[in-house]
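Engineer: If you want the building blocks of each chain, they are given just below.
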Amino acid sequence: MAAAITSSRELDDFEAVVRLHWLKVFRFALASLRDRHAAETLAQDCFFRAYKARNGFRGEASIGTWLMQIAVNLVRDHARDRRLQFWKRARLTAVDMNTAARWLPDAGASPEAAASMKEQVQAVWDAAGSLSERQRTVFLLRFVEDMDLLEIAAATGLKEGTVKAHLARALQAVRERVKGTK
Amino acid sequence: MIEHLSAEQISQWMMGERTPQLEEHVAECPECRSELEQLETALVQFRSAVRAAGHSASPPVWRATASHGPWFSWPRLVLAAAALLILVALPLTWRARVQERAAEAALADSQLLERVDSAVSQAVPEPMEPLVNLVTWNASPAEKNQKVQRQ
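Residue numbers (the working numbering), protein chains in the order written: chain R, 17 to 198; chain X, 4 to 154.
Keep in mind that the hints were calculated from the coordinates and are not lab data. It cannot be assumed that every hint is accurate.
Stated by the list, open to error - Covered by chain X, per the in silico footprint, the following chain R stretches (three or more residues, Cβ under 8 Å):
(1) 74-81
(2) 84-97
(3) 166-176
(4) 188-195
To be verified - Pairs of lysine to any residue residues, derived as SDA-like cross-links and limited to a Cα-Cα distance of at most 20 Å, are as follows:
(5) R:K68 <-> X:R79
(6) R:K180 <-> X:S51
(7) R:K134 <-> X:Q15
(8) R:K134 <-> X:S51
(9) R:K134 <-> X:Q125
(10) R:K134 <-> X:W65
(11) R:K195 <-> X:W65
(12) R:K195 <-> X:T44
(13) R:K195 <-> X:M18
(14) R:K40 <-> X:R54
(15) R:K68 <-> X:W65
(16) R:K40 <-> X:H58
The beta-carbon is built from N, C-alpha and C at its ideal position, and this holds for glycine as well.
This is chain X alone, in the form it adopts within the complex (with noise of 0.2 Å):
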């Protein structure tokens, strides 16, 4: 009785690994012929309606328009400068503008306290100034009596 190829034979055969013993064997056994020939055509057809299927399909436009070029190019460059100077400037601009309202500020605070200070070291509030007139504080008695009599 022939001893037909085993499946790990078989594989070996379909993956073109085929020895002088399994081409005596396929040579000689119908069966194993048939068989291996039947796998064959299977695997063609296979193929075939495979690439068919890939066919149908159109590959698509390639648009890579910003990069056929180099990565370098000057008009990319000066839109990266721009930017560039955008944010630059942006951070300077806002912290001067910060700096001259903190100045601002500090003057207005200033011109307040000028103005409190001076309030406040007056002995006599602005309304009672023409009383003072009236008194004078150091006098003595007989002083104070002559005064009021002049008046």
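The following block holds chain R by itself, in its conformation from the complex (with noise of 0.2 Å):
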């Protein structure tokens, strides 16, 4: 009860609750849909939203998750308009978004291990491609944004039995892409 008033109390100085959390929304989003201007349209839309249902946040979860729960529904509905096909291939192909490798920040390793980790990276980035759009949305919070099994159930809604097997559906097909890149 004490963790709901405080959460609700936090959602008074919502531009605070941007700050701390747009990054994470973002990055959720930019996974997810490969689009970094989709990626930002979609942030702003998740915090519009929010802003407009903070008075009916009753606390149950973290506002992280409750916003993540919102993005989550975001990007389903986006992967569902199939109004916005053409034009997500559009830019798929006028924009180079599709590549995670570059993304990867330079840590001083040497060339070998730096090509090997792109790989790598590349590998992962390409088999959750692959996925369905909940099995992505599933991996992407266990293993972008640390999320634990409970919270990822409140995020999608989802029963925590169904997240396990999304991940473990996740898990394997990227396994089979990393294990190719040795």
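Fit the two chains together into the complex; they arrive one by one in their own frames, and the hints show the way.
Structural biologist: In structure tokens form, the structure reads like this:
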């Protein structure tokens, strides 16, 4: 109860909420949609919806989980919106965003090690791209956002067992791709 | 021959569900350990890459000026009252104007009817009235002769 009140009060300073959670929502959208412009639009939409619905926030989950719940729904709507399919394809070909390896920070590794890392990152990125929308969502929430299974269940509206099943399938697909980089 | 971890067991391990049996096998099997390490490293690098990509975007400035405070505010109330007043006054003014026009039309109609009535009620049309003075309709032929002689 006390946590719920605290969370509700946190929403009073919505500017701070945006500052605190923007990156998390944006990068989830970016990894899901693979389009920077669409990810920015989705993240803005997510916070706008959260702002409008803030009075209905009961603090049953953390603000971060609540925001991810909205973002997950928006990603799902985006994937289902067939009217955008053409533009999604057109944008992917127009903007060179379909590679994750170039995002890898340079940690001073040897050229061989760096090349190997990039190859592995690209393998995971490709595998994530081949997953179903739900498997990808669960995978990204677990391995990019470090959310635990219960948080993922809350954000996706799935049961914990279903989350596990999706995650297991996603991991198998990723493992197959990563093994191919040896 | 050592039986290696199944795909399900590897997923279980990666999800953090590490039973003593799994840990024992990983400790004893270099192949499985190597595969798990490779997968873990790939996932960690992937997370770093996506997070790095996200960091290149800065959060937008949140401008919700109209709603930083509560929904109730005096300027907003005055505006709402003015809008309400206009909404109420406009139909009333319009209705009064319509009634006024209807009254004017009714008056004009009644005046026209009066004029028509008076015109219709005349026995002889106005242009023929001088002739009426020459004729007495109810007089006998003798009286008519006297009247003509007097004239």
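Engineer: Determine for every hint whether it applies to the structure shown.
Structural biologist: Do the hints match the structure? See the list:
Three residues within the 8 Å Cβ limit are the bar, and the region 74-81 of chain R against chain X gives 0, so the coverage statement is violated. Counting residues of the region 84-97 of chain R whose C-beta sits closer than 8 Å to any C-beta of chain X gives 0, which falls short of three, so the coverage hint is violated. Judged by the Cβ-Cβ criterion of 8 Å, the region 166-176 of chain R is not covered by chain X as claimed, because only 0 of its residues qualify and three are needed. Check on the region 188-195 of chain R: 5 of its residues sit with their Cβ under 8 Å from a Cβ of chain X, so the three-residue criterion for coverage holds.
For the hint linking K68 of chain R to R79 of chain X, the alpha-carbon distance of about 19 Å falls within 20 Å, and the restraint holds. For the suggested pair K180 of chain R and S51 of chain X, the alpha carbons sit about 23 Å apart, so the restraint of at most 20 Å is broken. With a C-alpha separation of about 26 Å, the suggested pair K134 of chain R and Q15 of chain X falls outside the 20 Å cut-off, and the hint is violated. The suggested pairing of K134 of chain R with S51 of chain X holds, with an alpha-carbon distance near 11 Å, which does not exceed 20 Å.
This hinted pair does not check out: K134 of chain R and Q125 of chain X have alpha carbons roughly 114 Å apart, beyond 20 Å. Between K134 of chain R and W65 of chain X, the direct Cα distance comes to roughly 36 Å. Violation of the 20 Å bound is thereby established for this hinted pair. This hinted pair does not check out: K195 of chain R and W65 of chain X have alpha carbons roughly 44 Å apart, beyond 20 Å. Among the hinted pairs, K195 of chain R with T44 of chain X is consistent with the structure: their alpha-carbon atoms are about 12 Å apart, no more than 20 Å.
The straight-line distance between the Cα atoms of K195 of chain R and M18 of chain X is roughly 18 Å, inside the 20 Å bound, and the hint therefore holds. A hinted pair counts as satisfied when its Cα atoms are at most 20 Å apart, and K40 of chain R with R54 of chain X qualifies at roughly 8 Å. The hinted pair formed by K68 of chain R and W65 of chain X meets the criterion: a straight-line CA distance of about 13 Å does not exceed 20 Å. About 9 Å separates the Cα atoms of K40 of chain R and H58 of chain X, which keeps this hinted pair within 20 Å; it holds.
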